[in-house]
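Asker: Given the sequences, and given the hints that come with them, work out the whole structure.
If you read the sequences in order, they're chains A and B. Heads up: the first sequence runs through residues 2 to 781, numbered per our numbering. Heads up: the second sequence runs through residues 7 to 165, numbered per our numbering.
Worth flagging that the hints you see were computed from the coordinates, not collected in a lab. The model shown is predicted, which means the values in this text are computed figures rather than measured ones. Every residue, glycine too, gets a C-beta built ideally from N, C-alpha and C. One or more hints might be untrue.
To be verified - Which stretches of chain A does chain B cover? Using the computed rule of at least three CB atoms under 8 Å from a CB of chain B, they are: (1) 3 to 14; (2) 188 to 195; (3) 243 to 249; (4) 493 to 500; (5) 692 to 705; (6) 711 to 724.
As the list claims (entries may be wrong) - Now the in silico label distances, taken between C-beta atoms and shown as ranges: (7) B:127 to A:646: 28 to 38 Å; (8) B:90 to A:620: 46 to 56 Å; (9) A:524 to B:91: 26 to 36 Å.
Each chain, written out:
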Amino acid sequence: MRLIGAKVPRVEDRRILTGRGRYVDDLHLPHMLHATFLRSPVAHARVAALDASAAKRAPGVVAVFTGEEMKALSKPIAVPMAEAMGARIPEFYPLVTDKVRFVGDLVAMVIAETRYEAEDAAELIDVIYDPLQAVSSYEAALDPASPALFDELGDNIVYTSSSSAGDVDAAFAAADRVVAMTLRQHRVANAPMETRGAVADYDPASGELVYHAATQGPQGLRLALANTLGLPMERLRVLAGDVGGAFGLKGYVGREDLCLAAAARQLGRAVKWTEDRNEHLLASGHAREEKIDIEVAVTNDGSLLGMRAHMTMDHGAYPGVPFPAAMFSGLVQMLLPGPYRMQGYAFDVTAVSTNKCVYVAYRGPWEMETWVRERVLDEVARELGMDPADLRRRNMMAGDADERLITGLSVAGISSRQSLERALELIGYDAFRRDQAAARAQGRHLGIGFATFIEAAPGPPEMRMGGGMFGGEQAKVKLESDGHLTVVTAQAPHGQSHETTLAQIAAEEMGVPFEHVKVVHGDTSVTPFSLIGTGGSRAATWASGAVLLSTRKVKEKVLAIAAEQLEISPEDLEINDGVITPLGAPHKSLPLAQIAMQATMAPNSLPPGTDPLLEAHETFKGEGITGSGWSGGTHACIVEVDLETGHTQILRYVVVEDCGRVINPAVVEGQIRGGVAQGVGEVLYERAAYDEDGNFLAGTFMDYLLPTAAEIPTIEIEHLETDPDDELGFRGVGEGGAVVAPATLTNAIADALAPLGARVYDQYLPPSKVLELAGVLPTT
Amino acid sequence: MTRRVLQLSVNGRAHELMVEPRRTLADVLREDLELTGTHLGCEHGVCGACTVLLDGLAVRSCLMLAVQAAGTEVMTIEGLERDGEMHPLQEAFRDSHSFQCGFCTPGFVMTVLALLDEGRDLSEVELREELSGNLCRCTGYQSIVEGVQLAAERMAAGR
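Answerer: This is the structure we're talking about:
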């Protein structure tokens with residue numbers, strides 16, 4: 002029974018297509034109250050006075066919490082990961098206590114019988130703000146004359162770090178030339194179609210809090226609620242039903258979450274909060290605002306010798322909980338040189354606080370490394386008068402056994418070169434150059450761009466052994482008394498189809514029909530611990546391995562019983578379609594359900610020495626993977642830029658992707674296409690814009706533009722399934738599309754505009770910017 | 007706030023309820039009638055997740071007041087199955103792996119239902135234009151376009 006590799010229809014689809022999904026806002030509990038938040042209209046100010054008396058008297062209002070009242074119910078919010086890496090953390094609470102620090106900051110919480118009443122009452126709260134200068138740019142944040150967001154920190158620099166590898170000075174000394182530039186990436190929003198939301202349900206009799214949440218990390222959320230509010234873990238249960246997208250955002254613990262849980266405990270009633278889209282765009286989280294000053298040392302014949310990079314990150318007003326912005330700079334540092342040889346590399350980073358929304362992870366939060374590297378390589382090729390494909394061919398590692406990134410990790414077995422060559426072949430690179438010349442002669446501006454990435458998911462042996470930084474991934478598998486399987490995962494899916502893919506793995510391993518496997522997730526009272534939950538491509542890589550190991554363990558127990566009963570060695574037994582069959586003796590077959598029922602109902606009747614508990618809870622720590630551990634690929638696209646309108650049309654988009662052993666091609670391709678669409682949106686349409694006073698300018702979907710079906714092109718995909726014999730060779734595919742698409746598309750636009758002398762240093766290329774670059778409009 | 011009597015039919019069942027004039031159709035469907043299949047993605051008419059059919063026309067239930075729907079026949083995602091069988095459009099979306107997180111799905115289904123009902127032959131470019139009033143953040147749309155094309159083929163063959 003081959004399920005792994007098949008386009009198995011999704012288990013999730015029946016309920017999703019018939020309106021039976023259960024998203025958190027669908028929950029209606031008895032006597033449930035509704036919360037809304039009063040948010041700051043200004044970027045930076047002291048709260049001089051707050052009068053909530055009228056709101057408290059408004060119809061339907063049950064409670065209004067101010068900053069001081071909430072502070073009494075909460076400890077300062079901890080960010081252990083920031084502490085561990087030496088980032089500076091201010092003291093902050095669920096609601097503001099002294100100052101507001103961005104437009105959308107949390108000033109007060111109103112709880113009423115209905116949402117309408119809560120919002121009516123919030124309008125009655127009088128607040129007097131004493132404005133302070135807004136810190137709205139890297140430059141302002143680094144200026145010692147600017148006010149500090151947090152008085153106790155003294156300035157706005159929250160993290161610095163530097164590192165080097167190889168001999169960077171020697172590399173630059175040996176260079177024929179150094180290509181230097183500053184590359185800027187703009188602030189964007191994850192913008193899942195479902196906003197954030199939760200229902201906190203507290204039972205005063207038992208002291209138990211059940212927290213229903215739209216989360217991709219239920220266990221991390223549970224931990225943060227317990228730590229901040231002093232709730233005992235055994236009485237704190239987080240439940241996640243269907244989650245309507247997240248892309249990194251819903252792995253964070255919102256200050257709203259802490260408010261909601263604290264209020265429910267205080268009031269002894271269930272309280273619901275559903276974020277509206279304006280709040281979401283304003284205050285849920287933003288990503289990607291980073292710049293890198295980069296210098297590349299090269300020889301005239303196109304050998305890369307070294308890189309120096311200084312990264313600046315705008316982490317917004319507050320640290321992200323539990324994953325602060327600064328932690329992603331480590332991944333950027335590791336991957337910036339990419340699969341290219343060089344002799345020396347230096348990297349440093351400065352993360353600053355500004356009066357903007359908190360920085361969160363967004364689908365491949367290290368994406369800056371691919372964009373900067375692949376963009377600068379095109380510029381290096383241009384300086385040298387070289388073909389950008391030839392420059393890459395000259396420097397790209399082949400994946401030989403002894404090859405390592407300059408930052409240390411082994412890249413034995415990577416397929417970067419194969420993906421590059423195949424992508425260029427599929428898009429017809431050589432033929433395109435001829436077409437492009439002809440089109441240019443007709444006044445049409447066509448461009449081609451391509452870019453290559455690698456992703457450590459699960460990473461090479463030295464990174465994955467022992468389970469990596471999170472100590473592996475757990476799963477539980479239980480054979481039910483009817484011979485069906487229950488699989489319990491620590492993953493928290495929100496579109497990734499784990500109910501399907503993990504069932505494919507368990508069913509094939511056990512030898513039961515796919516329909517006999519149920520995947521359970523999103524209930525911390527039964528699911529194993531994982532701080533991340535679903536994120537960082539952990540499902541395909543780590544969770545698949547954990548389900549495989551646990552299923553195998555259960556199968557061993559079953560076969561040990563069957564072997565005794567049939568007096569046949571377990572090695573001579575197989576399970577197919579739920580029937581245990583001795584090899585060469587099919588007449589002695591025995592239904593799996595028979596042993597399952599016997600083990601459940603009459604465990605004493607089993608053969609001595611066998612285990613009646615037909616379940617397993619295993620931790621997968623990366624053992625048994627034989628392949629490279631690196632995902633990767635090359636994307637290529639062709640664009641036409643219209644210099645009348647500034648519009649960029651994507652004429653073709655080709656993906657060559659290596660994510661190892663493909664579990665379900667339809668799921669994999671959906672992940673790739675969705676990521677590419679987000680990358681395209683990021684370059685052409687989306688910007689979470691602020692003005693210099695820190696006012697937010699993109700608070701609706703008419704200002705924050707998501708691409709539609711009319712803008713996203715057909716995306717052609719080819720899989721390179723390297724390491725076909727690696728049974729556990731499932732590699733991550735969640736991020737790749739979003740990581741490499743911005744580089745691919747900006748390189749194509751830069752290529753189209755090259756004859757006009759334009760240089761692309763910004764990732765955001767809406768029509769107005771394209772026209773500026775082309776010299777049609779004056780530069781702003 | 008004063009409430010008014012509202013009579014309307016939803017998925018073939020008549021309802022009479024008391025609503026505030028400011029209450030949206032989406033809130034009446036989701037909260038008062040507990041038909042939570044209709045989703046709210048933006049509440050300002052851009053994302054299309056809340057699309058329902060009002061006397062056969064696709065409308066955004068977040069932008070309509072419930073009282074404006076008085077006397078109409080509303081169809082929501084919950085109204086598509088017949089005798090436990092999914093509508094051919096739902097089946098085609100399943101077979102095409104059209105969706106991921108599923109939050110935008112009901113809006114797409116209802117929008118496309120109205121579109122297919124028009125019976126026009128659409129090129130892919132035209133189809134993508136028709137779909138551009140609904141946002142999906144997961145899929146990149148290709149699988150949705152394929153699902154609509156498959157449904158159109160099957161429904162044409164079945165006529």
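Asker: State for each hint whether it applies.
Answerer: Evaluated hints:
For the region 3 to 14 of chain A, the stated coverage by chain B holds: 5 residues have a C-beta nearer than 8 Å to a C-beta of that chain, and at least 3 were required. Counting residues of the region 188 to 195 of chain A whose C-beta lies closer than 8 Å to any C-beta of chain B gives 4; at least three are required, and the coverage claim holds. Under a criterion of three residues with beta carbons nearer than 8 Å to beta carbons of chain B, the stated coverage of the region 243 to 249 of chain A is upheld, 5 such residues being counted. With a cut-off of 8 Å between beta carbons, the region 493 to 500 of chain A has 4 residues touching chain B; three or more are needed, and the interface restraint holds.
By the rule of at least three residues with a Cβ nearer than 8 Å to a Cβ of chain B, the coverage given for the region 692 to 705 of chain A holds, with 3 such residues. Only residues whose beta carbon comes within less than 8 Å of a beta carbon in chain B count, and the region 711 to 724 of chain A has 5; three or more means the coverage holds. Separated by about 29 Å at the C-beta atoms, residue 127 of chain B and residue 646 of chain A satisfy the suggested range of 28 to 38 Å. The given range of 46 to 56 Å is broken by residue 90 of chain B and residue 620 of chain A, whose C-beta atoms sit roughly 41 Å from each other.
For the pair residue 524 of chain A and residue 91 of chain B, the supplied restraint of 26 to 36 Å holds, since their beta-carbon distance comes to about 31 Å.
Hint check: a violation occurs at hint 8 only; the rest are consistent with the structure.
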